[in-house]
Every structure is written in structure tokens, then in C-alpha cells.
Amino acid sequence: MKQGDADVVVGRARPADLTGGVTGTDEALVRAAKSGDASAFGELYERYRDPIYRYCLSRTGTSHDAEDLTSDVFVKALHSLDRYQERGLPFVAFLYRIARNAAIDRSRTLKQPLSVDELVTEPASRQNVEADATLAVDRSILLVALTKLKTEHRDVIVMRFIEGYSALEVAAALGKTEGAVRTLQHRALERLRKEFDDAQREMAKGRRS
Amino acid sequence: MNDDRLVSLLSALRTERMDRHADQKLRARLENAWTMRESERGLGWRMRWPVIAVTTAALLVSFVATTVSAPGDSALYGLRVTIEDIAIALHTDPEDREQYLLSLLEQRTTEAARLEATGNALAAGRVRDIERQTLRMIQDNHPVAPAVVDPAPTDSPSPNPSASMAPSLSPSPTPSPDPTATQHPATPRPTVAPTPPATTPKPPTPTPKPTATVAAQLVTFTGNIKNPDGTYATNVCISLSIGGSCLDVTGPSFSVTFSAKVGESKTLYFLRSDGLKTYKATLTKTVSSAYVDVGIVLLRVQ
Numbered sequence: 240m241k242q243g244d245a246d247v248v249v250g251r252a253r254p255a256d257l258t259g260g261v262t263g264t265d266e267a268l269v270r271a272a273k274s275g276d277a278s279a280f281g282e283l284y285e286r287y288r289d290p291i292y293r294y295c296l297s298r299t300g301t302s303h304d305a306e307d308l309t310s311d312v313f314v315k316a317l318h319s320l321d322r323y324q325e326r327g328l329p330f331v332a333f334l335y336r337i338a339r340n341a342a343i344d345r346s347r348t349l350k351q352p353l354s355v356d357e358l359v360t361e362p363a364s365r366q367n368v369e370a371d372a373t374l375a376v377d378r379s380i381l382l383v384a385l386t387k388l389k390t391e392h393r394d395v396i397v398m399r400f401i402e403g404y405s406a407l408e409v410a411a412a413l414g415k416t417e418g419a420v421r422t423l424q425h426r427a428l429e430r431l432r433k434e435f436d437d438a439q440r441e442m443a444k445g446r447r448s
Numbered sequence: 049m050n051d052d053r054l055v056s057l058l059s060a061l062r063t064e065r066m067d068r069h070a071d072q073k074l075r076a077r078l079e080n081a082w083t084m085r086e087s088e089r090g091l092g093w094r095m096r097w098p099v100i101a102v103t104t105a106a107l108l109v110s111f112v113a114t115t116v117s118a119p120g121d122s123a124l125y126g127l128r129v130t131i132e133d134i135a136i137a138l139h140t141d142p143e144d145r146e147q148y149l150l151s152l153l154e155q156r157t158t159e160a161a162r163l164e165a166t167g168n169a170l171a172a173g174r175v176r177d178i179e180r181q182t183l184r185m186i187q188d189n190h191p192v193a194p195a196v197v198d199p200a201p202t203d204s205p206s207p208n209p210s211a212s213m214a215p216s217l218s219p220s221p222t223p224s225p226d227p228t229a230t231q232h233p234a235t236p237r238p239t240v241a242p243t244p245p246a247t248t249p250k251p252p253t254p255t256p257k258p259t260a261t262v263a264a265q266l267v268t269f270t271g272n273i274k275n276p277d278g279t280y281a282t283n284v285c286i287s288l289s290i291g292g293s294c295l296d297v298t299g300p301s302f303s304v305t306f307s308a309k310v311g312e313s314k315t316l317y318f319l320r321s322d323g324l325k326t327y328k329a330t331l332t333k334t335v336s337s338a339y340v341d342v343g344i345v346l347l348r349v350q
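For the record, the sequence lines run as chains A and B. Quick note: to get the working numbering, add 239 to the position in the first sequence (first position is 1). Quick note: to get the working numbering, add 48 to the position in the second sequence (first position is 1).
So that you can see chain A by itself, here it is in the shape it has in the complex (with noise of 0.2 Å):
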């Protein structure tokens, strides 16, 4: 290869490379990510790809929404990135904040709320396809539920019970003391078994009828 070739393979716009793959914490890849290195950012998005993708799913109910808004998520966060500073915020903490209004504007859009038939018909994710067909249900019931409960109950669900962070971590993310936070776990809790009963029972009313 000639020189001037070289230049020119140089000079051309590549694709970013998000492949991920760097070590290090979220505050130096955040940093990195700023400067300019694409990688470092894709190593974020692998981190945190699967844990925005469940909090959606317990938001919309549905895989191919919460595919459909973890994007929107992720995009929003590369955008927002200069604006992202270490102040004592995790990064994922930034993350759910995003999801959280990006999901709240989503909802404005949607036209119906989520019915249990809807959720029965949606095929369990790939991973569980061999898991039973009582659990795939509850899985749905559960799904619904989900939706159903007020925003603070479900972040603390979501954050405790799905992605186990602890009471204090949660408390971080949130801006709440963790007294407020076990509070508003417990309140969650039974709220989220109440919208659960209901559910089932909805579902086998619908199935006698």
C-alpha cells in the first residue's frame, strides 16, 4: 500500500466500535466515554444492556417494548453524556433516571393500558422457553402487575427483588433515606400482591367466560 493510500483509509468515517471489552470502573470508562473512546461506552452498554432491559419489561409488560425503550434509553444516555457528572449519582442510578421519564413519556403515547390476554400470548423470553407453563404465566401475571403500580413502587421493586441491589444502594439511586426506602419496599410489596390477585383472577374469570 502507498502512503497516500494509507492516508486515505485513515481520513475515511469509520463505524464507531462499541464491541465494549475495556476494564475499569463506570466513573473512568464515563470519563473515557467523554473523551472520545467509543469502546469505553460499549463497555457501559454491556454492562447495563440486561438490567435497563428488565426495568423496562417490568414498565411496558412486553419484551418487544422494552427492547423498543431500552434503545431509546441507551441513545439518550449517549447523547446526555457531557452532560452526566460524578456527583455522587452511579451511573446506572443515571440510567434508570433516564429510562424512568423516557418510559413515562412512552406511556403518554400508548393507547390502551396492558391487558392479562395480551401478556398470555406474548411467547416467554428465549432463555425460558423450557420453563413450565405455570411459571410462564405467573411470569405474565407478574409482568402485568408490574405495570400496574406507581412509579416509586416499582423502581424499588425492580431495584431490590429483580436486580438485588441493597436497601442503601437503592436509597442512593433514588435520592430517599433507606428507612424510606424499606418503607416504600413494603408498601410495594403488598401493592404488587394485591395487582397480582387481581390479575389472576381477571385471567380466570376470562378463561371460564
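It should be emphasised that the hints constitute simulated quantities derived from the structure, not laboratory data. Where hints are given, some of them may not hold.
[Stated by the list, open to error] Computed cross-link-like contacts, DSS-like style, restricted to lysine-lysine with a CA-CA straight-line distance of at most 30 Å:
no. : chain 1 : residue 1 : chain 2 : residue 2
1   : A       : K444      : A       : K433
2   : B       : K274      : B       : K333
3   : A       : K273      : B       : K73
4   : A       : K315      : B       : K73
5   : B       : K314      : B       : K274
6   : B       : K309      : B       : K325
Starting from the structure of chain A, add chain B where the hints point.
Below, chain B alone, put in the same frame as chain A:
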């Protein structure tokens, strides 16, 4: 549904993963967004830096403009005086420098008077100090001309009894005073024809004195002003002519500086009004030195 069952179902959701195809689609979308973001950032910076440069320059200019017009009671006045002092050093030509110093003196005098009129004694005192420094600089800069240029009379009898202004003894048929030392022509004297040296010297004839010649210089009149009732007067306009612009608005003590020649008579006009009555005084003094203390000036009701 009990809590354990519910928590167990929630935990089962932890195994949920994003679909591989959706992941690939999202990754491609992010790569495009990243590329666009990078190009926008580069363009954004290129467009931003001239704005930053212009804004900085505008701020700098406005700061300098604010500083050079800062009043005496402003925190920036010290900086303004420093800038003006630097500007003095930049005036290399003595005449230019003198003009500049005179304008500075006028500004500072006016500023001090203004501050005194508003009752800000602290700032006024500070500006008065600066004004005095300016005056000293003017005096240092201004070559003080001899008050009277008077050629030394020849005490010893001259072998040539003819009147001679030049200190040299060389006979001169038409002696004349040094034209550079006078501003006014000397009194014409009769031309004396050279005479042969006499054996018996005649007593010297009295040498006619040339007219005293002086150059204008800065003169400061100082004093105190009192009202007709004997109280000290303030806010008095001092001018060099009736209805002329105030050299200073001050009181009870005053210190006005103007250009005058030694031996010249100068009249100062004092004017004060309290809204009901007008008080005036006129003072004529002969300039004897650079500083003249006129004592107390008593105002009278017009």
C-alpha cells in the same frame, strides 16, 4: 399469593436477557449515534471558539472602559489611576506629557470637588491626595523658568563706559540684550559710538535695567472661604472669570491651580448659592510664587 412466592417470581425475572437480534439492532443504532455525536462535537467546538474569543474580547473591552471611567468612590479608581500613570510614562514628549498631566489634574480636581459636594469625605480625601501627586508631577515635569531674568549689573568700572548688556568686555558698537532671555523687547537705548579708551576713567553711568521677563507657570492659590456670618462656606464655585467655568467647587478650604506668570495679577471669583441667596467674593492677588496663600475669603450677599 404469599410474599415468598412473589419474591421468588420477581427473582426469576433476573434471568431475563435482551434478545440477540434486538441487541445487534440497538448496537448498530448506537454506533450511528456515536459517529454523529463525534462529528457534531467537532463542529460545535469549531463554531464555539470564535464566539468565546469575541465574548472574552468584549468583556475585556467593557472592563477597561469601566475602569478608565471609574469614579473616585469606585473600587476600580485605584486601577484607573494606575492606568493613567502608565499613560503618563508613555507620553515621551514633554509638551504632550504636560498637556496630559494638566488634563489629568483637571479631571482629578473636578472628581474631588464632586465627591466633596456629595459628602463622601473619605473618597474625596483619597482623590485629593492623588490630585496633589499629579500636581507634583506637573511641577517636576515643567521646567520652572526664572522668575525674573535680570542680567547682573557690572559693578566694576568698565574700561568702556558705554552701556553694555553682555557680560563680556569686548567692545560692541551696538550692544543689545540677549533676545533669548526676554519676552518683551528691552527699553531702547541710545546707540553709543565706540570711544577711544580714556586715560581717566569716568564714573560708570547707571545701566538701564531691562524689563523683567517671566514665563508662565503653574500657580496654586490656597485659602479658606467664609460666609458673611463668619461660618465656613462650602460648595463654592471658584473661577477665573465672571460666569466662567468652575476651577473647583469646594470649601471651606480651597486649592486651585492655574497657569500664571510671576508678578501677574490674578483675580479669582467665588460664587455660592443656597437656593435663596447668592454669595459672591472677588479676590485679586499678585502672583509672587508657585504657591500663594490668600488667607480667608469672605463671601458677601449679592
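Straight-line alpha-carbon gap B:K314 to B:K274, limit 30 Å: Roughly 20 Å between the alpha carbons, so the hint for B:K314 and B:K274 holds.
Assess, step by step, whether the Cα of B:K309 is no farther than 30 Å from the Cα of B:K325, and give holds or violated. Distance of about 35 Å is beyond 30 Å: violated.
Take a quick look at whether A:K315 and B:K73 sit within 30 Å of each other, Cα to Cα. It holds: about 16 Å lies between the C-alpha atoms, which stays within 30 Å.
Is the Cα-Cα distance between A:K444 and A:K433 30 Å or less? holds (16 Å)
Is A:K273 close enough to B:K73, meaning Cα to Cα at most 30 Å? holds (23 Å)
If you draw a straight line from the CA of B:K274 to the CA of B:K333, is it 30 Å or shorter? holds (18 Å)
Consistency note: the structure conflicts with earlier hint 6 alone.
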